[in-house]
Amino acid sequence: MEDSLVDWSRAQFALTAMYHWLFVPLTLGLGFIVAIMETMYVKTGSEFWKKTTKFWMTLFAINFAIGVATGIIMEFEFGTNWANYSWFVGDIFGAPLAVEGILAFFMESTFFAVMFFGWDKVGKKFHLVSTWLVAIGSNLSALWILVANGWMQYPVGMYFNPDTVRNEMMSFWDVLFSPVAISKFLHTIGSGYITASLFVVGISAWYLLKRREIEFAKKSMLIGATFGLITSLFVALSGDESAHQMAHKQPVKLAAMEGLYEGREGAGLVALGILNPNKKIGDAQEEFLFDIEIPYILSILGYHELNAFVPGLEDLVYGNEKYGIMGAQEKIEKGKIALAALEGYKEAKKAGNAEEAAAAQATLEAHMPYFGYGYLKAPEEIVPPIATTFYAFHIMVWLGGWFIVLFALVLFFLTKRDIQNYPLLLKAALWSIPLGYVASEAGWVVAEVGRQPWAIQDLMPVGVAATHIASTNVMISFFLFAILFTTLLIAEIKIMTKQIKIGPNGGH
Amino acid sequence: MIGFGDLELLTLQQYWWIIVSLIGGLFVFIMFVQGGQTLINKLSKSETEKTMLVNAIGRKWELGFTTLVLFGGALFAAFPLFYATSFGGAYWVWLAILFCFIIQAVSYEYRTKPDNFLGQKTYEAFLYINGSLGVFLLGAAISTFFSGSEFVLDSNNFSHWQNPLRGLEALLNPFNYLLGLALVFLTRISGAMYFINIIDHEAIRERAVQSIKVDMIFFLVFFLGFLGWIFTKEGFAVDASGVVFMQKYKYLINFLEMPILLVLFVLGVLMVIVAVFNTVTFKKTCCIKTGGAGIVLTVTALLTSVGFNDTAYYPSTYDLQSSLTIMNSSGSHYTLMAMSYASLMVPFVLGYIALAWYSMDRVKITKEEIEAPDAHNY
Chain B
1 MEDSLVDWSR
11 AQFALTAMYH
21 WLFVPLTLGL
31 GFIVAIMETM
41 YVKTGSEFWK
51 KTTKFWMTLF
61 AINFAIGVAT
71 GIIMEFEFGT
81 NWANYSWFVG
91 DIFGAPLAVE
101 GILAFFMEST
111 FFAVMFFGWD
121 KVGKKFHLVS
131 TWLVAIGSNL
141 SALWILVANG
151 WMQYPVGMYF
161 NPDTVRNEMM
171 SFWDVLFSPV
181 AISKFLHTIG
191 SGYITASLFV
201 VGISAWYLLK
211 RREIEFAKKS
221 MLIGATFGLI
231 TSLFVALSGD
241 ESAHQMAHKQ
251 PVKLAAMEGL
261 YEGREGAGLV
271 ALGILNPNKK
281 IGDAQEEFLF
291 DIEIPYILSI
301 LGYHELNAFV
311 PGLEDLVYGN
321 EKYGIMGAQE
331 KIEKGKIALA
341 ALEGYKEAKK
351 AGNAEEAAAA
361 QATLEAHMPY
371 FGYGYLKAPE
381 EIVPPIATTF
391 YAFHIMVWLG
401 GWFIVLFALV
411 LFFLTKRDIQ
421 NYPLLLKAAL
431 WSIPLGYVAS
441 EAGWVVAEVG
451 RQPWAIQDLM
461 PVGVAATHIA
471 STNVMISFFL
481 FAILFTTLLI
491 AEIKIMTKQI
501 KIGPNGGH
Chain A
509 MIGFGDLELL
519 TLQQYWWIIV
529 SLIGGLFVFI
539 MFVQGGQTLI
549 NKLSKSETEK
559 TMLVNAIGRK
569 WELGFTTLVL
579 FGGALFAAFP
589 LFYATSFGGA
599 YWVWLAILFC
609 FIIQAVSYEY
619 RTKPDNFLGQ
629 KTYEAFLYIN
639 GSLGVFLLGA
649 AISTFFSGSE
659 FVLDSNNFSH
669 WQNPLRGLEA
679 LLNPFNYLLG
689 LALVFLTRIS
699 GAMYFINIID
709 HEAIRERAVQ
719 SIKVDMIFFL
729 VFFLGFLGWI
739 FTKEGFAVDA
749 SGVVFMQKYK
759 YLINFLEMPI
769 LLVLFVLGVL
779 MVIVAVFNTV
789 TFKKTCCIKT
799 GGAGIVLTVT
809 ALLTSVGFND
819 TAYYPSTYDL
829 QSSLTIMNSS
839 GSHYTLMAMS
849 YASLMVPFVL
859 GYIALAWYSM
869 DRVKITKEEI
879 EAPDAHNY
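Those protein sequence lines, which keep their order, are chains B and A.
Per my numbering, the very first residue in the first sequence carries number 1; after that it's consecutive.
Per my numbering, the very first residue in the second sequence carries number 509; after that it's consecutive.
This is chain B alone, in the form it adopts within the complex (with noise of 0.2 Å):
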């Protein structure tokens, strides 16, 4: 396929889903805070807690409406743009969909209507689970589309079949119970909780540095900064994890994310650095300009043992016997087998020559591993853009330190002190809001762009899932949705900082 169609296709999905990433975990968040300051106001009778409610929930309807409207086009851009992507494992990818559909959609739509509009329709305790079942359906669809993404990232629970040339499913429950989903699911609910606490804490410091709403404003960081440290503590633990599952299935990823060329034993962890730009695989170049490594740690995330081998790049491209690891050249070759195997069986099957069929797929079964090594072409090819993905882990992951210690800090000048007397405090607070989003959106970029090429991890690149189309489409489609995107996020801000500026106690 041509490489300006994958670029296109990748270009697309990559601006839709970061555009989509920006409201989703407001989403995730906001509806679980919003669901405790309600519980509040049903618990006490207390017209502040109603009004304080109404507040953060107009800003959730409004993050939300457009979270749909960039989400729409999620579902069906696999079909659209990675229609061979949807044929080979359509069977597997496409049932997590639906379910999520059927259980977390209509849970979400159905009683946000409820949420907002049933305020005098139906009675406090119903409009109280339903403020719940909101918060609880939207994290669920994400239970669900990352399931699927975990899914490529470490596809288990399924077989190839020869006769429909696709992966079909042997077993929902190792897809939905696999390690990756579930890590992956945690970490990323849990970085839009941070988002949204962030974004409540952020908000609630401009009104005091601005001396309005006061009370509301404390009470509403309090409920916002408990959350945002409960969370981000998790997160880290969560990541932990995440670095554990990455070493034993995607080692290559992990070595892109540190810059780790030469694999060794007790690897350290690069705190900071800067890559050398020249640097190429395979040559004798310095990896870093400069860096500082904090030793062992890398070794003890990545397998929780001081001393030991994280494989480099080098390994994992040209092969270490001494610690057999296997190179891409010779998973190359493999592949190449697996694939003539399938051409062997689909003319053995025409041909009607059972014989022949079940050797072939025999073969094909014993190299299926490698089977999406079979389209590449050059072993460096497995290597994903390791700047990008670094700079992306390294941003991630020291945002999220600094939001521990915000939300630590925010949390004891406000119960300890008066937190109006530290603006300097209150404007890190206010300018961290932005910091949540990079920090969310850079982690899709360590866990998307450092999985390339593969669009499944070992049998299926990116160049191979795209849909047979002339890239002008794409090229067209992808401008049509920046705009559009685009426009809408203005929309949002703007109105967004509208009603913020207007106040819990201006308007509804």
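Hints in this document: simulated from the structure, not taken from any laboratory.
Wrong hints could be hidden among the right ones.
Calculated cross-link-like contacts (lysine to any residue; reagent style SDA-like; alpha-carbon spacing at most 25 Å) [as the list claims (entries may be wrong)]:
| # | chain 1 | residue 1 | chain 2 | residue 2 |
| --- | --- | --- | --- | --- |
| 1 | B | K494 | A | D623 |
| 2 | A | K568 | B | D120 |
| 3 | B | K43 | B | A61 |
Since chain B is already given, all that's left is putting chain A on it; use the hints.
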């Protein structure tokens, strides 16, 4: 005990085709929201009246949106080859439809908010485009189930679309306009019936009745035209060995050979007609229920018929043998079984939707509610 796993593959394929058809039927019904969107200006004489109309459908639009998403998801899981072939192949038609829905999703919430960047008129135009062009294109896309498309499948079952217009060529076939336009007018009728039911405001109700009278005539013209076309044309049939061939009167024969579908179809059409008659003649306000059920029955029966009785539901005129049937395009036995268990949740889901719907609509929309100071209005 017998479970879904004990059923034959064909049975599961049929079960899923019925479910997909039912989702399609429910979707066309819930598109009263879209129809309503095209009536906002026509049925209102003041801003308050307009807001009443927008709020009436504004609390339902997400259900329709979700049903569309489920339609896509169910097709992906149950008939992945259709998902890959049609969405990837008829690229521009599906993207155009999706664009029409993307602009809908923000419009309710942003329409009257201060500082909304594009202005109220633009968001109302978005709603109109979604309700007219979006519905029309969906109808035209579904119409290709009968008129056929141009694609070929290779030995990997990867599809190759043969027309550079990537789906827009469906608009070059005038017959595809019939279903598209029929749907537009049908959803306007159901939208008006919904308004009559939910809004307690005499002037709006009267205008809605007037609009139904006109739209019904257009609907009947295009719908009967569509039926005339499919019942007289050659259809895409499949023989016992899976070979696709053209058969005269195939779609008429399908109904005659599956009388239960014929009964459901005719019953559905009659229910719509009765609902319209009662609304127009006796000024009844409850007819969205009868009419809605009628729409679900009609569409479900029609879609079911095109997948059953050895019919290729997504035919290729370019390479007849690449045509999709529910047998050659479905998910595996295991996946269909697993999904079938998930489908048992559907009655439960419909149950809580009905509960929420009932709780909300018990109280009709009035002028007073819309003008209340703390109302959450769209």
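Hint-by-hint comparison with the structure:
no.: 1; hint: B:K494 <-> A:D623; result: holds (6 Å)
no.: 2; hint: A:K568 <-> B:D120; result: holds (17 Å)
no.: 3; hint: B:K43 <-> B:A61; result: holds (24 Å)
The structure fails none of the hints (numbered hints given earlier).
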